[in-house]
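Could you build all of it, start to finish, from the sequences and the hints given here?
As they're listed, the protein sequences go chains Z and R.
Sequential numbering from 1 applies to the first sequence in full-length UniProt numbering.
Sequential numbering from 1 applies to the second sequence in full-length UniProt numbering.
Worth flagging that the hints you see were computed from the coordinates, not collected in a lab.
Note that this is a predicted model, so its numbers are computed, not measured.
Among the clues, some could well be false.
[What the hints assert, rightly or not] Below, computed lysine to aspartate or glutamate pairings styled on EDC-like, alpha-carbon distance capped at 16 Å:
| id | chain 1 | residue 1 | chain 2 | residue 2 |
| --- | --- | --- | --- | --- |
| 1 | R | Lys441 | Z | Glu128 |
| 2 | R | Lys369 | R | Glu395 |
| 3 | R | Lys359 | R | Glu67 |
| 4 | R | Lys441 | Z | Asp22 |
| 5 | Z | Lys49 | Z | Asp60 |
| 6 | R | Lys428 | Z | Glu127 |
| 7 | R | Lys87 | R | Glu103 |
| 8 | R | Lys372 | R | Glu394 |
| 9 | R | Lys441 | Z | Asp60 |
| 10 | R | Lys53 | R | Glu395 |
| 11 | R | Lys428 | Z | Asp60 |
| 12 | R | Lys245 | R | Glu175 |
| 13 | R | Lys372 | R | Asp303 |
[Stated by the list, open to error] Calculated from the model, a selection of chain R residues having no Cβ within reach of chain Z, i.e. all distances over 10 Å:
| id | residue |
| --- | --- |
| 14 | Leu66 |
| 15 | Lys228 |
| 16 | Arg274 |
| 17 | Ile284 |
| 18 | Gly291 |
| 19 | Ala350 |
| 20 | Glu434 |
[To be verified] Part of the chain Z face toward chain R, derived, beta carbon under 10 Å:
| id | residue |
| --- | --- |
| 21 | Asp18 |
| 22 | Gly53 |
| 23 | Phe54 |
| 24 | Asp60 |
| 25 | Arg62 |
| 26 | Phe124 |
| 27 | Met125 |
| 28 | Glu127 |
| 29 | Ile130 |
The beta carbon of each residue, even a glycine, is placed where N, CA and C say it ideally should be.
Residues per chain are reported as follows:
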Amino acid sequence: MKQDFINFPLQVIFKPFDSFWDLKYDNKGKLIVVYLLVILTIMAIILQKKYAGFLVNYSDPRYLNSVTDIVTVVFPFLLWCIANWSITTLMGGEGKFIEIVKATGYSLTPIVLIYLPMTFISRFMAEEEIAFYYLLISIASLWFVWLLFIGIMTVHQYTVLKTIVTIGLTIVVMGIIVFLGALVLSMIQQIYEFIYNIYREILFRT
Amino acid sequence: MFIKKSISAIVMASLLFSSSLIDTVKASTPYEAYNYNYWEEAVASPAAYIPDKVITGLDLGIGSLLEPNDFALGSDGRKYISDTGNKRIIVVSQDWKVEQIIEGYMSSAGVMTNFENPTGLFVDHDNLLYVADSVLGQVIAFDEQYKVTLVIDNPQSDIIAAGFKFVPLKIAVDEAKRIYVVASGVFEGIMQFDTDGSFLGYIGTNEVKRDYYEIMWRMFSTKEQLSKSVLFIPTEFSNLDLDQKGFLYATNIDISTQTPIKRLNPSGVDVLKRYGYFDVKGDIFFRGSIGPSRFVDIKYLNDGLYSGLDSNQGKIFTYDAEGNLLYIFGAIGNQEGTFKTPVALEFDGARHYVLDRAKANISIFKPTKFGKLVNEASRLHYNGFSKEAVPIWEEVLTLNSNYDVAYIGIGRSLVMAKQNEEAIFYFKQGMEREQYSVAFKRFRREEMKEHFSAVMTIIVIGAIATIGLLMWRKLRRKNMKFRNSHTVGRDQAL
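Set out below in structure tokens:
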């Protein structure tokens, strides 16, 4: 229990190479931990928007919406995993979909670990200390990117260059998926309108 | 916490019980008064100024004005109207009786010169009149009897190009009688003349904005294309005014600039304070088809306050010395108190006067209770009487509880009085982060001092407990290992 929920995520963020290897070949990561990390990330972001100190909190309280925050985390997360899986299956990646999800999920750990305490500490910060807040927030983001990079590289057994190319392509594919999704949605809507119009026409004719 | 709550309770209660006051300010205006909040949204606000009276040439008994272009108030209450289309200057007494109509000037040689197109005029602190005539190309100074004392004509200098045509539009004169002229076709800045009319130089050039897209485009265009494209030239100033310290307030009508209002120090550097939430540029939020504010006149009101006249939407924007937008009034329209082509703005210490060129009239605006209170509190604050300003700001808040400048004003006074916790509340209300930080730091230090022993005790106990726990765990682990190794040994032995 403790091993799965605390030790392994900590091991991942400090020793990413070994840990992602373990994740892949020793089947160490747990999907439930990934879900938990995603939920904690959402919570960290919501709490940051609502409770970060006045000096660093620029969010308009009238427009805070937890549903939007959930969507802005979950949607890109899934999109990333799907896009990355679609690309790596074509590019000789060894990772399974589940492994991509796990690697991405475990990479979120530093965001949870840094955002939550920083939200609390920022309430006691004066203007001069704000720089530390932003420094740590950026460290969290960079750490996340670093872990994601290592994770993708290890899971697929890629070289550094190939990983960079794949990540670039993944982002392109994410754009394509969004585009296609929008296209399909608008088409469905058009078809619905069409059928509904026919129905109304028949209704009024008879 | 209790204090914080009780303050908000007091504020709320005073809001509730003093709502009867609001009736006194209620007055119909032909425009909707508003102001911008921290989130750059236009929110309704009580009107600060309401139309009082409209004066036309017919009221003065001298026939309609024709395209009047400028208007000035003397400190003795005399009013000067530049009736440009009728080629005359009208001097009106304090109670709107025509005193004099000046149609030109007699030179010392006895030659009469009539005005051709008097576009600008200025009355200095000794109530001497100065006129700029753009067709004559002259700036003319008069004495008390409206006899000419000085004519500036064709300024000569090494830095003025040979074929230069002097077209003065607007003028201002400082206490040392130096004359500042905004002239057409001059991109170097405001022309400055000495008391004897000799040219001193330019001050306050508007900077040319470099547009990287435009530069890129130019790199690939041919010579023919370049010769046909528009030149990169600095924009001209549109009007100017002086404060009592001799600083120039100048406006320009460059629509792309973020600094249409400038305060120029004697060496021509823009020193306008812009500490408000947003740029000092009139409307923050506007429709693309209407466009940003175009300032055609500016008036220094006293005590750091200044008003700009926006000809695009017919609005008057008043700012305080720190660049906070205090209130907005006026509109384009046909009713009394609205404008068609507003061109000049004046202030007599209480009322605003706006001269409209197309309507050929002068609209007079009087302050409401809200306007008076805001002016009074800003005045006190500017002169350092922050504490005296607090009750007035509180009254302002009863009229408009969204008035951020009032919250900040009260907060500042509280910081000075070392009431940091209360100050924090007010700065939060006013969304003023810098001042909040100052108050918060002091509050934090006080709290730390007060609870130093408690905090230290907790830290020490916490540290001891952590170390103890770690040692205990280590010890236990060692025991376990020992036991394990013992067991292993025993197992092996067995």
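Original post:
Is the Cα-Cα distance between R:Lys359 and R:Glu67 16 Å or less?
Top reply: Within the cut-off at roughly 8 Å; holds.
Original post:
Does Z:Glu127 pass the interface hint, meaning its C-beta sits closer than 10 Å to a C-beta of chain R?
Top reply: Check passed: Cβ of Z:Glu127 comes within 4 Å of chain R, closer than 10 Å.
**OP:** Answer holds if the nearest beta-carbon of chain R is closer than 10 Å to that of Z:Met125; otherwise answer violated.
**Re:** OK, holds: Z:Met125 within 10 Å of chain R, min 8 Å.
**OP:** Would you check whether the claim that R:Gly291 is not at the interface survives, using Cβ distances to chain Z and the 10 Å cut-off?
**Re:** Holds, since 27 Å exceeds 10 Å.
Original post:
Are all beta-carbon distances from R:Ala350 to chain Z longer than 10 Å?
Top reply: 38 Å, holds
Subject >> Satisfaction of hint between Z:Asp22 and R:Lys441, Cα-Cα up to 16 Å >> reply: Violated. R:Lys441 to Z:Asp22 sits at ~48 Å, over the 16 Å cutoff.
Original post:
Is the Cβ of R:Glu434 farther than 10 Å from every Cβ of chain Z?
Top reply: Non-interface label fails for R:Glu434: nearest chain Z Cβ at 7 Å, not farther than 10 Å.
Original post:
How about Z:Arg62: closest beta carbon in chain R under 10 Å, or not?
Top reply: Holds: closest Cβ of chain R sits about 8 Å from Z:Arg62, inside 10 Å.
Original post:
Is it the case that R:Arg274 keeps its Cβ farther than 10 Å from each residue Cβ in chain Z?
Top reply: Per Cβ check, R:Arg274 is outside 10 Å of chain Z; nearest 19 Å; holds.
Original post:
Does Z:Glu127 lie within 16 Å of R:Lys428 when you go C-alpha to C-alpha?
Top reply: 14 Å, holds
Original post:
Hint check: is the beta carbon of Z:Phe124 less than 10 Å from a beta carbon of chain R?
Top reply: This hint holds: Z:Phe124 lies near chain R, its Cβ roughly 7 Å from the closest one there, short of 10 Å.
**OP:** Check the non-interface label on R:Lys228: least C-beta distance to chain Z beyond 10 Å or not.
**Re:** 40 Å, holds
Hints 4, 9, 10, 20, 21 from the earlier list are contradicted by this structure; the remaining hints agree with it.
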